[in-house]
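Protein chains: 2
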Amino acid sequence: MVNQALDWAIPAKSFPQSNLLHEAMHYSLMAGGKRVRPALCLAACKLAGGLESWALPAALATEMIHTMSLIHDDLPFMDNDDLRRGRLACHKAFDEPTALLAGDAMLALAFETASNLSSYPADVSPDRIARVVGELARCSGAEGVAVGQLVDLKSTGLSEPVPLDKLEYIHLHKTAALLEAAVVTGAIIGGGSDEQIDWLRGYARSIGLLFQVVDDILDLTKSSEELGKTAGKDLASDKTTYPKLIGLDKSREFAEELLGQAKEQLNGFDSESAAPLVYLANYIAYRQK
Amino acid sequence: MVNQALDWAIPAKSFPQSNLLHEAMHYSLMAGGKRVRPALCLAACKLAGGLESWALPAALATEMIHTMSLIHDDLPFMDNDDLRRGRLACHKAFDEPTALLAGDAMLALAFETASNLSSYPADVSPDRIARVVGELARCSGAEGVAVGQLVDLKSTGLSEPVPLDKLEYIHLHKTAALLEAAVVTGAIIGGGSDEQIDWLRGYARSIGLLFQVVDDILDLTKSSEELGKTAGKDLASDKTTYPKLIGLDKSREFAEELLGQAKEQLNGFDSESAAPLVYLANYIAYRQK
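Chains X and Y supply the protein sequences, listed in that same order.
FYI, in our numbering the residues of the first sequence are 1 to 289.
FYI, in our numbering the residues of the second sequence are 1 to 289.
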């Protein structure tokens with residue numbers, strides 16, 4: 001459902017020369033992401049008392065924001081990645097100006113999609129929609145993804161390892177903020193209480209950090225064959241990881257702790273409805289690649 | 001009022017390392033723009049029956065979107081401008097990653113600001129606010145500024161001049177779309193009718209093109225001294241302008257025609273309330289630099 005809707009969401013070309021922007025946006029948005037953020041958003045909407053489908057516009061918006069951050073992050077003067085999900089990065093498949101502007105247009109499209117009153121049922125009041133836009137905006141900018149990316153970039157290539165509080169700041173902003181926006185916007189649309197929204201914020205922060213700790217552990221303990229990507233990259237590079245900072249055993253303990261915290265935040269919900277979010281937390285914790 | 005509010009709108013730094021993003025956003029947003037878009041937005045709100053101050057959040061958002069487009073447009077692989085408003089461009093005063101992310105964060109901040117329910121009076125209903133977000137999003141992305149910038153970039157350095165319909169497409173998207181969003185969001189907030197909003201759309205499209213035609217004429221007919229910037233740049237470069245395409249006399253006629261069209265769109269309004277928008281159209285048409 002999400003893939004179909006994303007495909008439809010990109011505005012049609014308005015002039016022959018606007019094909020290029022249209023194609024670049026489509027290329028990156030339909031590059032086969034796992035759609036974790038939309039899934040979180042829809043599940044949180046149901047958990048908060050709504051129908052999954054109510055949250056579709058916000059769910060699409062979270063994936064657009066995610067895609068935009070990847071397009072800009074891959075640019076040569078940023079992380080300089082030529083490949084993304086096994087295909088050429090946007091600036092390689094197209095060029096740098098097109099990638100920059102496709103990212104900009106994708107961020108705008110996220111807000112256009114999330115604010116479109118006519119794509120929500122009457123159960124979803126306009127003030128909820130305005131709050132959803134605010135959440136999405138906050139997680140994207142100077143208090144979310146953008147500042148996380150900048151602090152991350154400025155922490156690479158230093159002679160000293162990144163201290164733990166800074167490492168956490170990076171992951172909370174670069175990764176967890178958008179996961180948080182996904183569950184919170186879903187819950188707002190579903191009519192969740194302030195208390196429920198707070199629980200979901202806590203859940204998202206925990207799985208955001210959990211994702212990163214597990215990533216660091218896998219890079220250190222698995223072979224490239226097992227991971228399906230180059231293993232041991234973190235050790236070879238100067239990237240600060242949890243195992244480097246606190247050791248492998250303590251990192252595993254921390255992962256267990258975060259998984260426990262994530263599940264604890266779901267205790268207040270009906271356990272059947274919370275099952276998808278429990279499943280996702282387990283998946284993040286116990287994945288082998 | 002706008003300058004003060006813009007200064008306050010940038011989120012405080014949340015971590016020592018986030019200073020940089022904060023400073024870059026502040027640097028570009030407070031670089032002394034003329035605040036034409038906020039002025040249009042506030043005036044349109046009053047014209048549509050509201051108080052000017054109601055539209056302040058949307059007015060700030062239009063200036064943020066404008067600033068973001070300038071930051072990204074100045075980047076080396078884009079227009080490659082080292083100077084902006086007599087100061088170093090953002091990527092020169094800081095660096096390229098910081099400028100890219102300051103632009104991203106600025107776009108997000110525009111939507112955060114415009115969607116903030118608590119910054120509007122009770123007279124402004126949440127459904128108006130959601131519509132305002134939609135207008136701002138549409139004018140920024142694949143149907144607005146971003147596509148205008150891309151088609152403009154891809155039209156530079158070609159051996160043949162840009163045809164008239166493409167030149168108009170560029171100006172309508174790169175320049176007029178945001179002017180249109182400024183007046184339309186103001187009018188939505190002020191409670192304007194659909195008919196009034198349509199008039200204002202027409203007004204904005206006319207002054208958007210008018211601005212560009214007059215710019216082209218001034219570049220050709222004034223000295224660098226008179227303009228306060230290098231004159232004759234368009235002729236020296238391969239940039240397509242109205243005088244190059246249709247000649248100087250026809251360009252002047254076209255400017256008069258656009259000015260007339262802009263004013264005509266204001267006929268349906270009370271003439272005293274419409275005076276600021278008439279003044280602005282005259283200013284754009286008759287400016288000498």
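Any given hint could turn out to be false.
One copy or two, it doesn't matter: identical chains are merged, so the pair holds either way.
To be verified - Derived pair list, reagent style DSSO-like, types lysine-lysine, alpha-carbon separation capped at 30 Å:
id	residue 1	residue 2
1	Lys244	Lys46
2	Lys34	Lys46
3	Lys250	Lys289
4	Lys166	Lys34
5	Lys263	Lys92
6	Lys46	Lys250
These are computed hints drawn from the structure, not numbers from a lab.
Right, here's what the structure says about each hint:
no.: 1; hint: Lys244 with Lys46; verdict: neither (39 Å within a copy, 60 Å between copies)
no.: 2; hint: Lys34 with Lys46; verdict: within (20 Å within a copy, 47 Å between copies)
no.: 3; hint: Lys250 with Lys289; verdict: within (20 Å within a copy, 66 Å between copies)
no.: 4; hint: Lys166 with Lys34; verdict: within (28 Å within a copy, 39 Å between copies)
no.: 5; hint: Lys263 with Lys92; verdict: neither (41 Å within a copy, 47 Å between copies)
no.: 6; hint: Lys46 with Lys250; verdict: neither (36 Å within a copy, 61 Å between copies)
Comparing the model with each numbered hint stated earlier shows that hints 1, 5, 6 do not hold.
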